[in-house]
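Just so you know, the protein sequences line up as chains A and B, in that order. All the letters of the first sequence, read from the start, carry residue numbers 1 to 458 under UniProt numbering. All the letters of the second sequence, read from the start, carry residue numbers 1 to 442 under UniProt numbering.
Among the clues, some could well be false.
What the hints assert, rightly or not - Just so you have them, the derived chain A footprint on chain B, three or more residues with Cβ under 8 angstroms: (1) 42 to 51; (2) 258 to 264.
What the hints assert, rightly or not - Calculated Cβ distances over 10 angstroms to all of chain A for the following chain B residues: (3) E146; (4) C193; (5) L328.
These are computed hints drawn from the structure, not numbers from a lab. Note that the structure is a prediction, hence the values are computed from the model and not measured. We put the beta carbon where it would ideally sit given N, CA and C, even for glycine.
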Amino acid sequence: MATRSRATPKTKDKSAASRPLKLPTATETTTSTGLQVMAAERGPLPLVAMRLVLRAGSATDPKDKQGLADFTVRLLRRGTERMSADAIDEAIEFVGASLAAGVSEDLMSLYVTTPAEHFPAMLSVLGQLVREPIFPEKEVELARERSLAQFANDLDDPSTIADRAFTQELWGDHPYGHDVGGTASHVRTFTREDVVRFHRERIGPKGALLVVVGAVKPEVVAAEAEKAFGGWTQPEQLELLTVPPLERLAQAGRILLIDKPDQSQSQVRIGGPGYRIGHPDYFAATAMNIALGGGFTSRLVNAVRVERGLSYSVGSYFDTMSAGGIFAISTFTKTASTREIIDVSLGEVGKVRKGGITPRELKTAQTYLAGLYPLRTETSESVASVLADIRVHGLGDDWVEQFRDRLRAVTPKQVKTVAAKYLYPQAPTMVLLGKASEVKKQLKGLGPVTVVPVSEYE
Amino acid sequence: MPKASSRPPARKADPALQSLLDVHEAQLSNGLRIRLLPNPQTPVVSLYTFFQVGSRNERPGITGISHLFEHMMFNGAKKYGPKEFDRVLESNGGRSNAYTSNDMTVYYDDFSSDALETVLDLESDRMRSLRISDDTLASEREVVKEERRVRVDNEITGILDEELGTLVYKAHPYRWPVIGWMADIENISRRDCEEYFRTYYAPSNAVLYISGDINPKKTMALIRRYYGDIPKGPKPIPVIDAEPAQKGERRAVVRHPAQSPSLMIGFRGPRATEEETLVLDVIQYALNKGEGSRLVKGLVYEQQVAVSVMLDWGWRIDPGTILFYLELKPDSDPQKVEAALYTELERMAREGLNERELQKAKNNLRADQLRELGTNTGRAHALGHYEALLGSWKELLTLPSRYAGITNEQVKATAAKYFAPERRSVVTLVPETDSAANGAED
Chain A
1 MATRSRATPK TKDKSAASRP LKLPTATETT TSTGLQVMAA ERGPLPLVAM RLVLRAGSAT
61 DPKDKQGLAD FTVRLLRRGT ERMSADAIDE AIEFVGASLA AGVSEDLMSL YVTTPAEHFP
121 AMLSVLGQLV REPIFPEKEV ELARERSLAQ FANDLDDPST IADRAFTQEL WGDHPYGHDV
181 GGTASHVRTF TREDVVRFHR ERIGPKGALL VVVGAVKPEV VAAEAEKAFG GWTQPEQLEL
241 LTVPPLERLA QAGRILLIDK PDQSQSQVRI GGPGYRIGHP DYFAATAMNI ALGGGFTSRL
301 VNAVRVERGL SYSVGSYFDT MSAGGIFAIS TFTKTASTRE IIDVSLGEVG KVRKGGITPR
361 ELKTAQTYLA GLYPLRTETS ESVASVLADI RVHGLGDDWV EQFRDRLRAV TPKQVKTVAA
421 KYLYPQAPTM VLLGKASEVK KQLKGLGPVT VVPVSEYE
Chain B
1 MPKASSRPPA RKADPALQSL LDVHEAQLSN GLRIRLLPNP QTPVVSLYTF FQVGSRNERP
61 GITGISHLFE HMMFNGAKKY GPKEFDRVLE SNGGRSNAYT SNDMTVYYDD FSSDALETVL
121 DLESDRMRSL RISDDTLASE REVVKEERRV RVDNEITGIL DEELGTLVYK AHPYRWPVIG
181 WMADIENISR RDCEEYFRTY YAPSNAVLYI SGDINPKKTM ALIRRYYGDI PKGPKPIPVI
241 DAEPAQKGER RAVVRHPAQS PSLMIGFRGP RATEEETLVL DVIQYALNKG EGSRLVKGLV
301 YEQQVAVSVM LDWGWRIDPG TILFYLELKP DSDPQKVEAA LYTELERMAR EGLNERELQK
361 AKNNLRADQL RELGTNTGRA HALGHYEALL GSWKELLTLP SRYAGITNEQ VKATAAKYFA
421 PERRSVVTLV PETDSAANGA ED
């Protein structure tokens with residue numbers, strides 16, 4: 001009954017997990033007005049997944065209209081030239097299809113999954129949503145009212161507010177420096193004209209990509225895409241935005257303490273600069289992060305949760321966007337342990353920054369990630385997403401195929417280099433949310449502390 | 001069994017599902033049941049272990065023990081000691097987690113397919129010989145207390161849900177939260193945990209589901225080797241459903257710092273095995289699935305009285321709760337929103353659904369079922385879920401034909417029966433501005 005954990009490389013080579021991992025072949029076409037289309041046929045379920053990617057993320061929000069991209073994408077389905085909001089809902093929902101839409105910092109995406117027999121009809125609806133939304137005045141008002149109520153209710157959600165404040169603290173005035181949903185003070189000013197202008201200037205075929213994966217032939221996808229998007233022109237669409245890189249953290253070394261006196265726990269966020277998506281440091285940094293704060297056996301989980309019982313959840317992560325990224329720790333603990341959890345977490349980060357990780361930790365991280373990586377290609381939705389990411393971020397067509405080999409090639413020396421580079425060589429930014437009267441006195445010696453009421457983050 | 005239906009339900013196996021679910025079954029002499037579902041598409045495997053134990057099997061004084069115990073299952077056994085389970089699993093390309101519900105505790109692993117034998121070794125080790133130390137129990141108890149703080153004490157829906165449970169149930173163990181009361185979490189002893197392990201974590205109280213890149217014959221041989229010698233356990237004591245009939249509406253008010261009032265409303269529902277459970281699924285979809293559903297369209301878009309509305313009909317072994325949660329705007333009048341909701345429910349009881357709504361609900365139930373079966377983890381979990389609640393995973397195959405056969409007469413009868421005011425419990429959150437008055441625990 002020997003465990004396989006000491007299996008030799010020889011047996012590994014023959015194992016199923018080392019079989020080459022391939023995405024289904026994607027056929028690429030372009031519609032007559034320039035929309036790029038990727039199609040991959042894939043079974044066995046009689047379903048089709050689609051992702052339409054537009055270069056209209058929250059970084060394209062006007063400076064005084066933060067949240068406009070997110071607000072606009074939610075309104076796309078509330079009426080078009082040919083269909084009312086009710087008719088759109090009915091068309092999609094009657095057949096068991098689903099539509100989700102959202103924005104990240106860089107992209108606006110619409111996701112549809114549908115039973116295969118309804119693919120042409122659903123693609124046609126998708127085309128109408130982006131080509132001819134009419135944004136009825138009443139729908140704009142209602143969306144604004146709902147958003148404002150949601151912003152108010154968010155004040156009762158400690159984790160949401162801590163994250164929102166953290167984004168602002170890290171990025172400052174940079175286009176990534178606001179929550180994708182914006183803030184109440186900006187959303188309050190949104191008018192129909194703002195939304196119409198955003199649509200005209202940002203939502204068009206330039207830079208757009210449609211990916212279709214599932215039980216449908218690529219030639220059918222190409223033909224239906226021409227029908228649904230063939231006439232899509234947007235003469236006033238602006239040139240695609242180039243987001244500047246992050247020069248330095250806006251609030252390095254500062255501690256922001258958000259006061260929410262009814263809390264029995266503190267939310268804790270600690271962050272510093274990271275790297276952009278597709279950066280050469282990705283593999284070494286990812287392997288390092290698994291050992292530091294990724295998996296269940298990571299140093300942070302061990303020190304904070306297993307050894308001290310300080311939190312239910314602790315982890316570190318790199319968040320990567322097209323122009324830059326951050327490295328952060330996210331956790332929470334009872335009010336009395338706030339300082340302890342900060343000290344323990346920074347202590348673990350410091351040890352890895354100075355000494356790297358052990359060869360055994362590196363090996364574990366590599367095997368762990370490589371073993372689970374095939375899950376990224378398990379569903380048609382996930383294949384559609386990875387195909388889109390490869391294209392949009394220029395990751396290279398062999399990204400999936402080469403992923404595990406590149407990961408396994410990471411050396412301890414590379415890990416040491418990225419650890420020194422990203423694990424807070426300068427003082428990190430901290431955001432704490434909790435009962436300030438109890439927390440503040442625990443923070444002596446950590447850096448300048450600013451206390452603000454939670455209501456500032458609506 | 002079905003009381004409301006006017007004709008016996010069709011129970012034909014669905015051919016599309018049958019072709020997806022080529023399940024190999026076995027039972028070891030110690031009672032362990034095994035369900036294997038090969039799928040070579042990607043080199044990964046999901047393994048689920050379902051234990052028939054949840055907060056339903058607890059008693060006052062040890063509420064939350066099933067959940068606390070769930071954590072302890074990761075803290076060391078005879079062969080793989082403290083910290084070894086996750087270390088060995090991760091270093092072989094796998095990850096693991098677990099959850100506890102009112103009715104069951106479920107452990108799951110996703111892993112690279114060449115780690116199968118290692119995973120069986122790890123899982124069988126903790127089923128055979130879990131070791132609970134005072135140190136790990138003390139530390140894990142603190143982790144669970146933090147979990148309770150984040151999910152209940154500092155989370156409005158957690159507070160309301162806990163209040164609602166004690167209104168809906170007077171005698172049944174569904175009364176207390178799965179995570180348990182804080183004082184009980186603090187007092188559960190090592191001895192309680194050990195007794196719990198002997199009673200509920202025996203192979204005779206468990207089912208293994210393995211879906212993914214496996215060879216069924218070889219896998220079965222490995223399972224026999226690793227699990228075959230674990231002794232059978234005693235038969236757990238049956239849980240008595242002593243819940244008395246509800247005689248009228250029940251209400252509670254929670255005062256807590258908040259921006260807006262909100263409402264959580266529960267109606268006492270049937271047990272999962274009753275035919276009406278499926279009718280309630282159809283009703284749930286018509287009322288709450290999608291932007292065009294009756295409650296979202298009516299309360300959120302047309303009347304604009306709610307920011308969001310959620311309806312959860314969660315299947316349970318004993319009669320469960322049909323749960324509504326309405327998030328309101330600041331300065332809303334919760335009574336008005338309640339009235340708007342009841343108008344919709346009364347309409348459902350009076351008129352039921354039109355043909356198109358009925359068909360739409362069925363189309364969506366079908367599509368969601370296919371999506372659920374799109375991953376190894378979804379497939380393995382679905383088999384376990386239906387077996388635990390309906391007695392056999394094969395019930396899954398007949399669900400499409402049973403949903404398809406549901407009539408509007410059944411919809412009306414079921415809505416009239418279950419949305420009756422005397423089955424209702426209502427918790428209203430009233431925003432409290434004086435936060436000092438609200439001392440959360442410790």
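Each hint tested on the structure:
1. Given as covered by chain A, the stretch 42 to 51 of chain B passes the check, having 3 residues with a CB less than 8 angstroms from a CB of that chain where 3 are the minimum.
2. Residues of the stretch 258 to 264 of chain B lying with their CB closer than 8 angstroms to a CB of chain A number 3, which satisfies the three-residue condition for coverage.
3. Under the 10 angstroms C-beta cut-off, the non-interface status given to B/E146 relative to chain A is violated; the minimum distance is some 4 angstroms.
4. In this structure B/C193 is separated from chain A by more than 10 angstroms, as the shortest Cβ-Cβ distance comes to about 16 angstroms.
5. At roughly 8 angstroms, the least C-beta separation between B/L328 and chain A is not larger than 10 angstroms, which violates its mark as non-interface.
Consistency note: the structure conflicts with the earlier hints numbered 3, 5.
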